[in-house]
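J.: Construct all of the structure, not just a fragment, from the sequences and the given hints.
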Amino acid sequence: MQSLLKFITCGSVDDGKSTLIGHMLYDAKLIFADQEKALELDSKVGSNDGGIDYSLLLDGLMAEREQGITIDVAYRYFTSDRRSFIVADTPGHEEYTRNMAVGASFADLAVILVDASKGVLVQTRRHSRICALMGIRHVVYAINKMDLVDYDEGTFDDISVEIEKMATEYNFETKYLIPVSATVGDNITKISPRMPWYHGKTLLAYLEEIDVSDKMAQDGFVLPVQRVSRPNREYRGFQGQIAAGEIRTGDEITVLPSGNTSRVKSIYNMMEKTDSAFAGQAVSVELEDEIDVSRGCVLVKGVKPNVGKMFTARILWMDDVKLVEGKNYYLKIGTLTVPAIIMNIKHKIDVNTGAKIKTERLFKNEIAVCDIACSDPVVYDKFSVQKDLGCFILIDRVTNMTSACGVVEHALRREGNLTWHEMDITRELRAKQKGQTPKTIWMTGLSGAGKSTLINELEKRLFAQGKHTMILDGDNVRMGLNKNLGFKEVDRIENIRRVSEVAKLMNDAGLIVLTSFISPFRQDRRSAREVIGNDNFIEVYVSTSLEECEKRDVKGLYKKARSGEIPNFSGISSPYEPPKQPEITIDTAGQTVEESVDYLLKELEKLGC
Amino acid sequence: MRQLTHLQELEAEAIYIIREVAAECEKPVMLYSIGKDSSVMLHLARKAFYPEKPPFPFLHIDSTWKFKEMIRFRDEIAKKYDLDMLVYSNEEGIKQGINPFDHGSAYTDIMKTQALKQALKKYGFTAAFGGGRRDEEKSRAKERIFSFRNAEQAWDPKNQRPEMWKLYNTKIFQGESIRVFPISNWTEKDIWEYIRQEKIEIVPLYFAAERPVVYRDGNIIMVDDDRMRLRPGEQIQNKMIRFRTLGCYPLTGGVESTAATLDEIIEETLSAVSSERTTRVIDNEAAGSMERRKREGYF
Numbered sequence: 001m002q003s004l005l006k007f008i009t010c011g012s013v014d015d016g017k018s019t020l021i022g023h024m025l026y027d028a029k030l031i032f033a034d035q036e037k038a039l040e041l042d043s044k045v046g047s048n049d050g051g052i053d054y055s056l057l058l059d060g061l062m063a064e065r066e067q068g069i070t071i072d073v074a075y076r077y078f079t080s081d082r083r084s085f086i087v088a089d090t091p092g093h094e095e096y097t098r099n100m101a102v103g104a105s106f107a108d109l110a111v112i113l114v115d116a117s118k119g120v121l122v123q124t125r126r127h128s129r130i131c132a133l134m135g136i137r138h139v140v141y142a143i144n145k146m147d148l149v150d151y152d153e154g155t156f157d158d159i160s161v162e163i164e165k166m167a168t169e170y171n172f173e174t175k176y177l178i179p180v181s182a183t184v185g186d187n188i189t190k191i192s193p194r195m196p197w198y199h200g201k202t203l204l205a206y207l208e209e210i211d212v213s214d215k216m217a218q219d220g221f222v223l224p225v226q227r228v229s230r231p232n233r234e235y236r237g238f239q240g241q242i243a244a245g246e247i248r249t250g251d252e253i254t255v256l257p258s259g260n261t262s263r264v265k266s267i268y269n270m271m272e273k274t275d276s277a278f279a280g281q282a283v284s285v286e287l288e289d290e291i292d293v294s295r296g297c298v299l300v301k302g303v304k305p306n307v308g309k310m311f312t313a314r315i316l317w318m319d320d321v322k323l324v325e326g327k328n329y330y331l332k333i334g335t336l337t338v339p340a341i342i343m344n345i346k347h348k349i350d351v352n353t354g355a356k357i358k359t360e361r362l363f364k365n366e367i368a369v370c371d372i373a374c375s376d377p378v379v380y381d382k383f384s385v386q387k388d389l390g391c392f393i394l395i396d397r398v399t400n401m402t403s404a405c406g407v408v409e410h411a412l413r414r415e416g417n418l419t420w421h422e423m424d425i426t427r428e429l430r431a432k433q434k435g436q437t438p439k440t441i442w443m444t445g446l447s448g449a450g451k452s453t454l455i456n457e458l459e460k461r462l463f464a465q466g467k468h469t470m471i472l473d474g475d476n477v478r479m480g481l482n483k484n485l486g487f488k489e490v491d492r493i494e495n496i497r498r499v500s501e502v503a504k505l506m507n508d509a510g511l512i513v514l515t516s517f518i519s520p521f522r523q524d525r526r527s528a529r530e531v532i533g534n535d536n537f538i539e540v541y542v543s544t545s546l547e548e549c550e551k552r553d554v555k556g557l558y559k560k561a562r563s564g565e566i567p568n569f570s571g572i573s574s575p576y577e578p579p580k581q582p583e584i585t586i587d588t589a590g591q592t593v594e595e596s597v598d599y600l601l602k603e604l605e606k607l608g609c
Numbered sequence: 001m002r003q004l005t006h007l008q009e010l011e012a013e014a015i016y017i018i019r020e021v022a023a024e025c026e027k028p029v030m031l032y033s034i035g036k037d038s039s040v041m042l043h044l045a046r047k048a049f050y051p052e053k054p055p056f057p058f059l060h061i062d063s064t065w066k067f068k069e070m071i072r073f074r075d076e077i078a079k080k081y082d083l084d085m086l087v088y089s090n091e092e093g094i095k096q097g098i099n100p101f102d103h104g105s106a107y108t109d110i111m112k113t114q115a116l117k118q119a120l121k122k123y124g125f126t127a128a129f130g131g132g133r134r135d136e137e138k139s140r141a142k143e144r145i146f147s148f149r150n151a152e153q154a155w156d157p158k159n160q161r162p163e164m165w166k167l168y169n170t171k172i173f174q175g176e177s178i179r180v181f182p183i184s185n186w187t188e189k190d191i192w193e194y195i196r197q198e199k200i201e202i203v204p205l206y207f208a209a210e211r212p213v214v215y216r217d218g219n220i221i222m223v224d225d226d227r228m229r230l231r232p233g234e235q236i237q238n239k240m241i242r243f244r245t246l247g248c249y250p251l252t253g254g255v256e257s258t259a260a261t262l263d264e265i266i267e268e269t270l271s272a273v274s275s276e277r278t279t280r281v282i283d284n285e286a287a288g289s290m291e292r293r294k295r296e297g298y299f
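Top to bottom, those sequences are chains U and D.
According to our numbering, the first sequence is numbered sequentially starting from 1.
According to our numbering, the second sequence is numbered sequentially starting from 1.
Just so you know, these hints were derived from the structure itself, not from any lab.
On a predicted model such as this, the values are computed, not experimentally measured, just so you know.
Simulated coverage check for chain D against chain U, where a stretch passes if three residues somewhere in it have a Cβ under 8 angstroms from a Cβ of chain U: (1) 6-20; (2) 46-55; (3) 171-177.
C-beta: ideal position from N, C-alpha, C; glycine also.
T.: Next up, the structure:
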């Protein structure tokens, strides 16, 4: 029985990928007569001077025909006498790099085209890098358009040196260079008489012979559970495709992440009950014990993949929407999908030089190394060790787009078992997750100045904007947290201290805090500013005059203060010290609440809130 | 290290996909067209869950112009494997007397495309398996295995989600749905070899037999019932023919053949001079016709 080789072709725009594959199919008589007829007809209206334009065999979508470039991955199937092939023809244009990565993730081998007249280009490096990233271990560099450089051996040698230099970084298992002409057909299926200096194989012969079997394949057994099958009371099977190794009835296996163990009771290889099964097979495995196993669990034997919430990974960003640190995504790894965030982008990688560049944002088609934290423990391994447990995708939770793909580089040990350290999820990350800048808006002013009304309306408006807010006011704090405090000076100071600490914690949690305290003394407000942090503290002075406040006297307090019923009343029997340099001053006299809040919002925006 | 053969690898890939959908999608259905690809799909679905039965229903869109033998086969298979087989026809179209002779491409749209949309909407299916293969037609060659449809069930070929490794993203919004093609990577030859290897039952129309036919516009059309309209000068002849694809009988061309066994069919397929879809009349209408219809919701 024949084996299957999945490969991709990639290279720069106009390097001739579609033509190369088209020519191979045509030469090897691997296309049907009606397609051939259509090809000849199409070419007459095409651009190739009435000659056959082989690329027309592959460029399928109408938009591509109109633009003359390959937008998406096209899959072609052919069988030679010696092997079955699936080839993914991938787009060369930079804008469609993600589509190239799709093809690469599927393939065992890459044919990377290089235009002999241009040499190694940015795209050649980019594509080599993506192939390596996606796990391709075998590459063929087809040095194309040799006809345009008069089949010159020196040109080929120069490019070879450049490629050797470039490719060392990628650690491909095998690498092969062939000088070809896709249009003319040199060294595609027949050795070309025009390059007698070339003593290697033709492209087709090489593809037929290369062994791409996984030499790294481990002995241990790995089965990510796709589905629990429970057709009746008697049977409870765990279905999935074996990612590595071999399993037999009676073997002891461990379930991850729980770590529970049991023995294999029965194995179905699809409809056949069997005693053993191996990597690649789709099985249904029954265990001896009733232990907890669900989709996303992994059954293992003889290997210990990581179980944890955090790892460092190399990712390719594929979304039009840029990546921002701290944003929440779904991460799908193996058969498990969990919420996750990119904690920090360590650096992005220059596709040309491999240089590490510091950044906080990542745009489409960029590659970066970053730390990822998941909400729940996941079973993972280094991509280089276990492919199926080492690759993942990130899904945007708002658009459902597959935003990125990535491979695990190593575990993050500092997570210390299964808990997140405070240092990992920082105040900045929480703030980014909420899409806001946490601030404490500290309102000060006389009793009846309008603080509570303003703060209440302000919160509603911020809330409507999607902001995450919390109000701390004198009354609600006095009734709970500070109910053991009176109105003596020491209590007053303690009151402000506690409120400041709570506001700071809430800011750390990413919230915008609004406070409403008379807080008549500068010293108290200064210490609040110190605790909360100068950058996060916005002092709003509600400067409504004593006359106006006393005129309003909503709660009848001024009257009582004047009559001596309430001692130490700010503005009457105790001083009120107006702020000297508040961030915002607002006088509510002669303004509607709405006008005042509009003004506040405008001022707050200027302060980055 | 033991290795899977080419067919075993394709089979395992398809089963993985079918199980992913069953595990992740809210309300899946498998489209069943009665053809050989559907027979393979059904077989894969049975294998994927065994000893459990496939945990989703099957749906046949009946245009009312299928070959009689196809309907008979469908009912037998549904009974034999105890399948939840839903049959849907566009009643409005039937009332209006829409037929392949008078209404041309409107017939395909109303009795197949619209009928399918109606059925998916009626039952609220969020994912539908189809037997489409990438080797059938150029625009199919570029479609992902998981292909997304908006609320109008249209396909946007320029904005397909990247599909990486075996990590299928099945997240959709209310009203959206997914078409899933587990045998995307199979060729016609693979299908036939798999049918032989697994001894899968298929409609007898695939095997050559003497059948009543007329020759029309370069196609061989079988006269399956008395609704067939003959054009002036057309003569019904008995010919040894078989079908490479099955659909509505007035729109499906047969090929002259004596291949009456699977071995003979495979032999013939290997040396075929024309690709399979040329025997479907609708594909030839205009370059890119398949892509256009798919954007509009055709499977």
